[in-house]
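Asker: Letter by letter, the chains look like this.
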Amino acid sequence: MLDVRGVSVRYGDLQALWDVTFAVRAGELVAIIGPNGAGKTTILKTILGLVRPAAGSIDFRGAPLTRYPPYDRVARGIALVPEGRRIFPNMSVRDTLELGAYTAGRRADLRPRVERVYDLFPVLASRQRQAAGTLSGGEQQMLAIGRALMADPALLMLDEPSLGLAPVVIDHLYDRLGELKGRGLTILLVEQYVAGALELADRAYVLETGRIVREGAGHELLADDYIQKTYLAL
Amino acid sequence: MAPPAVQTVVELLLGGVSLGGLYGMMAFAFSLALATTRILNVAHGGFLVLGAALAMLFFRFLHLHFLLGTLLLLAIFLLVGLLFEGAFVRPLMGRPPHAVLVGSILVTFGFALALEAFLGFYWADLVDPQPSFTIPFPAPTLQVFGLTLSGTRLTILAIAMLTAGLFHLLLTRTKMGKAARAMSEDHEGALIIGINPRRLSIRIYLVGVVVTAFSGILYSTTAPLEPYSGLPLTMIALTIIVIGGVGSLPGALLGGVLVGTAEVLTTFLAGGAWAPVVYLLVFFLVLVVRPEGLFGVREA
Ligand SMILES: Nc1ncnc2c1ncn2[C@@H]1O[C@H](COP(=O)(O)OP(=O)(O)OP(=O)(O)O)[C@@H](O)[C@H]1O
Ligand SMILES: [Mg+2]
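Chains as they are written, first to last, in my numbering: chain V, 2 to 235; chain B, 40 to 339.
Source of the hints: derived by calculation from the structure; they are not laboratory data. Among the clues, some could well be false.
[Claimed, not checked] If we take Cβ atoms under 10 angstroms as the criterion, some of the chain B residues that face chain V in the derived model are:
hint, residue
1, A178
2, T211
3, L230
4, I231
5, I234
6, R329
7, P330
All values reported here derive from a predicted model rather than from experimental measurement. Positions of the beta carbon are idealized from the N, C-alpha and C atoms, including for glycine.
Build out the structure end to end from the sequences listed, making use of the hints.
Answerer: Take a look at the structure:
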């Protein structure tokens, strides 16, 4: 579904990604793990078109994406749950969700989509008139995921959804991600919460200082010596 | 008959509030554009002057029929909005925020000066050797409780309130308005959900220039605008949105009424030259007490 080939990204003099190649197949949950500053966010931003690669190509559903601005990529089926959530603090939960379907046509019926999000995260239904900024961190993360799902994406990308949340909240969120995966949604998950991400992932890539240094099935990497020492502190 | 003192006070307040409503609507157009596109349009006040100048040309020199002239003005203002967006907003889009802010100040300042020069020199050559734009609109006065109220000012106030209501509906009921709010609350968040910033900014400048230019026409029904009134009006818009908070509709209206009333009262008590001093004082007080503006969102 997604083919990233030889992508390099520079921010001025700093090169954030070096010849990054990976793929996500339909129905897979692929994780990218790596330490702070490894370039994980940069990968997702490049896929969405917020950052331009200096080299390389990105194909989505068999067609090259490189020419398209972010809104066309969203319309083609890529949705991002960004790092730090980036919700709109004064906007109501309901309005936020409806805006998530911004690229859907004017005539699209949003109610069934909103209902599906409320089924996944019932707490959002009880908060629907509330301003997004008044939600707790975990609820805001759910809202950010719900907003992305409203676009009815073929590929859902999440950037460190566990960031800053309490362990019980993280468990709850990961259960929901497992549910989405179970429904066949294709997911690209970026995390520093290595244990959780690898457990859920079909396959995973390890990114360090802008380069992919390891790849494999989620459970293989979980058992890998290097991963255990470096990321799981076992 | 009400006592003369009461009549004077009511007249001053109506003058202040109606001027304030007008200021509020033009300041909100400025504010919405700044909040969503991060373009600080120094030429904003120039659009008021342009509106008044063209209205004067059409109605007082060419004697166009009211409806025909109004439609023609609307078409011209839409075109100006489109061209302005294409020339000054488009090229800056997608650059880092500080580059957009600084770049926009520079290019729109240039445009504001060009507009001043055009209205100052060519207007004098081609239309009227004494450029001063005013469209007297003698609406009948109204008698309420023995008070005499200016029909013109009441009309201005009504139009300002109607415009505010329409702005409110735009922001809360339409996809465009919600997208604009999203864009002003989290720019990158808005791009991420697939908002097309170009399409949004075109619409915002179409609406913004029309509202601003028509508020210039309203202004000129009670006082003349000069070719060089543009930059002071931009300063007023800036003051108002700093008082009210960038992107806030109630903030722009309240800020507008504060500045408008301060201006009218100061002019009456001490002379027009003191008006800027007083509203800058209000501006300063708000900055000290509530730096994010009365209705602004405190950065998290
Ligand atoms: N807009 C930018 N301008 C300049 N440098 C940047 C920019 N964004 C990121 N970088 C740099 O690029 C590198 C990769 O950053 P990135 O945010 O992609 O890392 P990350 O893996 O997401 O880190 P984290 O886990 O902290 O979110 C870092 O060195 C970072 O400082
Ligand atoms: Mg990151």
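Asker: Hint numbers the structure violates, sorted upward?
Answerer: Per hint list: 1, 6 and 7 violated.
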